[in-house]
Amino acid sequence: MFGKSVVIGQYVPLDSAMHRLDPRSKIFFVALGIVTLFLVQSWLSFALLGGFFVLLVLLAHLPFQYVLKSLRPLWVLLALTLCLHVFFTPDDALVLFGFLRVSLGGLFKGLFIVARLVLLVVATTLLTLTTSPIELTDGIEGLLSPLKRWGFPAHELAMMMTIALRFIPTLLEEADRIMKAQMARGIDFESGGFMKRIRGLIPLLVPLFVSAFRRAEDLAVAMESRCYRGGIGRTRLRMLRFERRDYAFLSLSLLVFVLSLSLSWLTW
Amino acid sequence: MMCFEDVHFWYGEKEDPRAVAALRGVSFVLREGEFVVLLGRNGSGKSTLAKHCNGLLVPRKGRVCVDGMDTRDESVLWEIRRRVGLVFQNPDNQLIATTVEEDVAFGPENLGLPPSEIRKRVDEALARVGMSEYRKREPHTLSGGQKQRVAIAGVLAMHPKYLVLDEATAMLDPEGREELLQLLRELRKDVGILHITHNVEEALLADRVMVIDNGEIVAEGSPREVFLVGKDIEKWGLELPQIVEVALLLWKDYPDLFSVLPLSPDELVDALCSYS
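Here the protein sequences line up with chains E and U, keeping their order. Counting from 1 along the first sequence, just add 8 to a position and that's the residue number in our numbering. Counting from 1 along the second sequence, just add 934 to a position and that's the residue number in our numbering.
Hints in this document: simulated from the structure, not taken from any laboratory. As the structure is a prediction and not an experimental result, all values here were calculated from the model. A couple of the hints might just be wrong.
Reference listing, derived: stretches of chain E covered by chain U, where coverage requires no fewer than 3 residues with Cβ under 8 Å from a Cβ of chain U [unchecked claim]:
| # | region |
| --- | --- |
| 1 | 51-57 |
| 2 | 174-186 |
| 3 | 223-231 |
| 4 | 239-249 |
Derived DSBU-like pairs (lysine-lysine); straight-line CA-CA distance at most 35 Å [stated by the list, open to error]:
| # | chain 1 | residue 1 | chain 2 | residue 2 |
| --- | --- | --- | --- | --- |
| 5 | E | Lys156 | U | Lys1169 |
| 6 | U | Lys1186 | U | Lys1165 |
| 7 | U | Lys1070 | E | Lys77 |
| 8 | U | Lys1169 | U | Lys948 |
| 9 | U | Lys1054 | U | Lys1070 |
| 10 | U | Lys985 | U | Lys1070 |
| 11 | E | Lys156 | U | Lys1054 |
| 12 | U | Lys1070 | E | Lys156 |
| 13 | U | Lys985 | U | Lys995 |
| 14 | U | Lys1054 | E | Lys188 |
For every residue, glycine included, the Cβ atom is placed at its ideal position computed from N, Cα and C.
All chains, please: the whole structure from these sequences, using the hints.
Printed below as a string of structure tokens:
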């Protein structure tokens, strides 16, 4: 674990049109995409959206297996959804296997929902694969900052996320070290039943928490020493700016979303 | 000029019998362009003193002034913190951002500078500490010495007049320590440096050495003057630097061997060679 860079999230550092977009426009795209996906009701719309997403994956220079990999944790859910629809739709039965009825209408409905979920994941993956965690944090801060007027702690949230990202590798290293130290003292982390293993984590978690609190204290002092006083009057090294490509990307997305919505209403 | 005038500090309430005085009447001056090393054993009050330099702690009695600004005056606190940069012991716990350049930018960002100016200062500061090629790296992939150099760059980017290092070399390996000391030697021209340490060898390079023990400054002067105390330095919980120890032993038997106390192997060798 030492020296090796711990990869957080799934970010693939490439230099592509999608990577260069402002994180805010990508977040917008995902949000609008999700709403659209839940509203559309026709296969034609799905085909249009699917085609659009494939185009974006190509634009991002991402290998398709990266996108497919993000679907892997979902396949149980997808299979279950499909089965439930196929077998439990009280509809004209296509085939009867004893008490199991396979319904044609259910099959369609199931496939429909599966398609919706898959596209949903593809859209969000497009964001997480092309946007580094830092950019994502900046983007979220940028989008939430109008809410500051009503006392919403946008800057504080973003700062917390940054610090969390910064300290994940540090704490992982520390956990590794504590674990080895405790193992050297005869603690067994790897055998025994479920409860025993859970209890075995205590000698790892207690020192880890104690040290995390100490780090937090040190960090707060260091931040104050460097004139940190919250988000007021603070500027950024990289200011987010909407470029022409962001407007182009957002207009194109909007166009596709509206088109698929109207297709859905027309054919349904 | 940064000055401490009869500074007293204790943790907790004064009435509390458990309250221990951490500083008892500390007075000294740090000028711009001066390299001062403050020596002291654990618990001597060194870190408490460091935290007084930029108003993280304020004196219970006496005062601390930075260029005429009192650290107790809240309205100038941020200007004081800009002028006095603090670097701490644990390099892991003072880097805030996920990349080196973002971390160096943290200070200037807090000052509200325009992005172009921040960019300029970040590039300058990273070049000063020789870390330009690591700008995109994540802090946890750097060595201890490199992390401390980034921490110093983060402070330099705020264009401070004084640099206070609170045991900044304590957690480094010999190589990292040497790197850092070399950097301090280069920086001393532009900023006043107060380097707090318990490693006596690091004091040999200083313009001035102060020894703190039990919350008081017990010795002050050039390294030559301070180390002349010889073995008595042990009563402050310190040891003599090796070279000084050797020189003092020789001096005892050959009183006319040196005219001044040698502080480096070269000086000692020169003195021995010219002895007849």
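For this session: Mind checking the alpha carbons of U:Lys1054 and E:Lys188 for me, to see if they're no more than 35 Å apart?
Result: 44 Å, violated
For this session: For the pair we were handed, E:Lys156 and U:Lys1054, check the Cα-Cα distance against 35 Å.
Result: Holds, at about 30 Å.
Problem set entry | Restraint check for U:Lys1186 with U:Lys1165, where alpha carbons must lie at most 35 Å apart | Cα-Cα ~12 Å, so holds.
Exercise. Hey, U:Lys985 versus U:Lys1070, does the alpha-carbon distance stay inside 35 Å?
Worked result: 31 Å, holds
For this session: Quickly compare the C-alpha distance for E:Lys156 and U:Lys1169 to 35 Å and report which way the hint goes.
Result: Outside the cut-off at roughly 58 Å; violated.
Exercise. Under a C-beta cut-off of less than 8 Å, do 3 or more residues of the region 223-231 of chain E approach chain U closely enough to confirm the stated coverage?
Worked result: holds (count 6)
Exercise. With a cut-off of 8 Å between beta carbons, are at least three residues of the region 239-249 of chain E near chain U?
Worked result: Since three or more residues must qualify, the claim that chain U covers the region 239-249 of chain E holds, with 7 doing so at under 8 Å.
Exercise. Quick one, are U:Lys1070 and E:Lys156 close enough, alpha carbons at most 35 Å?
Worked result: 31 Å, holds
For this session: Verify the proposed pairing of U:Lys1169 with U:Lys948, using a straight-line Cα cut of 35 Å.
Result: With Cα atoms ~28 Å apart, U:Lys1169 and U:Lys948 stay inside 35 Å; holds.
Exercise. Counting residues of the region 51-57 of chain E with a beta carbon closer than 8 Å to any beta carbon of chain U, are there 3 or more?
Worked result: It is violated: at least three residues are needed, and the region 51-57 of chain E offers just 0 whose Cβ sits closer than 8 Å to chain U.
Exercise. Taking 35 Å as the top limit, are the C-alpha atoms of U:Lys1070 and E:Lys77 close enough?
Worked result: With a Cα-Cα distance of about 28 Å, the restraint between U:Lys1070 and E:Lys77 holds, given a limit of 35 Å.
Exercise. Are U:Lys985 and U:Lys995 close enough, with their CA atoms no more than 35 Å apart?
Worked result: 15 Å, holds
Hint check: violations occur at hints 1, 5, 14; the rest are consistent with the structure.
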